[in-house]
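Engineer: Got chain A sorted already, so can you dock chain B onto it with the hints?
Number of protein chains: 2
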Amino acid sequence: MNEIKIFSPATIANISCGFDVLGCCLEAIGDEMIIKKSNTKGIQITKIIGEDLPLETDKNVAGVAALTLLAHLNFEIDFGFEIEIYKNIKPGSGIGSSAASAAGAVFALNELLNKPFSKTELVAFACEGERLACGSPIADNVAPAIFGGFTLVKSTQPLKIIELPTLDGLYTTIIHPQIEIRTADARAVLPTKIDLDAAVKQWANVGSLIHALHTNDHELFADSLTDFIVEPHRSKLIPDFDLVKQSALKAGALGCGISGSGPSIFTFSKTLQDAENVSNSIRKIYSKNNIPFHIYISEINTKGIKIKI
Amino acid sequence: MNEIKIFSPATIANISCGFDVLGCCLEAIGDEMIIKKSNTKGIQITKIIGEDLPLETDKNVAGVAALTLLAHLNFEIDFGFEIEIYKNIKPGSGIGSSAASAAGAVFALNELLNKPFSKTELVAFACEGERLACGSPIADNVAPAIFGGFTLVKSTQPLKIIELPTLDGLYTTIIHPQIEIRTADARAVLPTKIDLDAAVKQWANVGSLIHALHTNDHELFADSLTDFIVEPHRSKLIPDFDLVKQSALKAGALGCGISGSGPSIFTFSKTLQDAENVSNSIRKIYSKNNIPFHIYISEINTKGIKIKI
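The listed protein sequences correspond, in order, to chains A and B. Under this note's numbering, the first residue of the first sequence is numbered 639, with each subsequent residue one higher. Under this note's numbering, the first residue of the second sequence is numbered 639, with each subsequent residue one higher.
Careful, some of the hints might be misleading.
It does not matter which identical chain is meant; a pair holds if it fits inside one copy or across any two.
Dumping the calculated SDA-like pairs for lysine to any residue here, alpha-carbon to alpha-carbon at most 20 Å [to be verified]:
| no. | residue 1 | residue 2 |
| --- | --- | --- |
| 1 | 941 | 756 |
| 2 | 831 | 935 |
| 3 | 839 | 795 |
| 4 | 831 | 866 |
| 5 | 728 | 933 |
Simulated from the structure, these hints should not be mistaken for laboratory data.
Next up, chain A with everything else stripped away, as it sits in the complex (with noise of 0.2 Å):
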């Protein structure tokens, strides 16, 4: 196989109550990718189409994730890879742009070089596209990219995702208003320190959800998705977010919270109706206000990056 063409998807990090470790895969929003064995070693960024990237393989976040998994090799290799990034997530939309970007790299030359990486390594692989993008090596999009579905950053020291089972029928609708939080600004409104008393809420949250996704309890799913830590900081950074969880609420969704470090607002819900419902109501919130805003409804995707023919 000397080329291959990939759907990377977009994915939802934290979940309301796992900050930094839960994420999850989506179905209906994504990057694709074309990804060609090339005679020049090392990587080449030859086509970026949708949004101004850098095409310089070391300012973008697939090209360093992709030399990263190429340095793992020792550059062992006598042939490279050119990478073609037709981009559908927005850059800085909160939905894993970058990280879709980066896991579909490393994922596609895995794939080109006949699996040598686990499914951790390419995540590890991705994480240095992602401090690239935002600083650190976060993990929490690139793992559901990766894995599908649910999953758990266990550890960063030693790396350690754990693949979570996923509800059935499960929609989300994600409202994206096209507004800028830089991540650092979104990493400065938290604060270092917080109340022993929130963090015992927020792990008995964690738990509580992890049980539901393993015993397909929507109902408790949804009495799990409450952030007492980073809600209450970050919310204040996205205008209308307390109304639009209201209205979401109200229309059905089983929870509502923010897409990692925003500005997209994520909602699920237990049927396509419901999903269409909310997107209703929120539509409503933001028409109002003079902020362009995008409106995705999705199921979950739980194999993650898929190889298109």
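Structural biologist: The following block gives chain B in isolation, referenced to the frame of chain A:
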């Protein structure tokens, strides 16, 4: 039925990563209680064998818990109850001595009244006994005593208890050093604010521990038994804690931590042989100091409080 004899088990609360939310129930250690219907309304503690504890109903955790249950019936029953308590669990040992008395009392009353209350309601009543014993209505010992197995206190308001699966073949070795740690002191050493970074690691472990229980994964269970928040502070109150932990892990324990607020130290092992090896190793450590101690080995009790013939 006019009389019931029960075994009310000891419990381990916190379980390293799950401060204030996780607990599990023990098979081999527990109190016995005999509860009889009486012509005298209300609750009488008629006998306490094994420990010097108050017989006055409103000063006894079993009495207070039982009264709370009766209050929820508006005291509208034309008989009362006599409670005999045969204590085997040392008060202040950190393995749920007060919880066993409180939980046992409300469990027995519920049986004699033909089960008007759910297990969660019984936990709530027993929590009032815990309030008397330690100043707050903590559920992390009474929940596993009543439900059995491993439990997660998902929330306290409203009270929501989750029954978790148990690993196959799990043994605990517990050492109870006969020193007094006042609950107030054990609480006082805890910071009210904690590092967000440490909290993230902690809730990742809570999540992975619950995943490990669902997937019967002893290795992941062991790998999740780390406490970044509480143990570093409370372990200083327990002589030779670090030595015991090192020795237990070296002898094959899956993990080791402080049971409840101490001074007991729990360990988990995969086989009875391992549990006995752990027992021998920590016995050697404690035999070198001048503190009297008890060591117990127990399986996990998946049933909770048991009715004896």
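Engineer: All the hints need checking, so say for each whether the structure fits it.
Structural biologist: Results of checking the hints against the structure:
Taking the closest pair of Cα atoms, residue 941 and residue 756 come within 20 Å of each other only inside a single copy of the chain (15 Å); across copies the shortest separation is 41 Å, beyond that limit. In the homo-oligomer, the alpha carbons of residue 831 and residue 935 never lie at most 20 Å apart, since the shortest distance is 36 Å inside one protomer and 39 Å across protomers. Only between protomers do residue 839 and residue 795 lie at most 20 Å apart by alpha-carbon distance; the minimum there is 11 Å, versus 25 Å within a single protomer. Taking CA atoms no more than 20 Å apart as the test, residue 831 paired with residue 866 passes in both settings, with 13 Å inside one copy and 14 Å between copies.
Proximity of residue 728 to residue 933 under the C-alpha cut-off of 20 Å is restricted to the intra-copy arrangement: shortest distance 12 Å within a copy versus 60 Å between copies.
Comparing the model with each earlier hint shows a violation of hint 2 alone; every other hint is respected.
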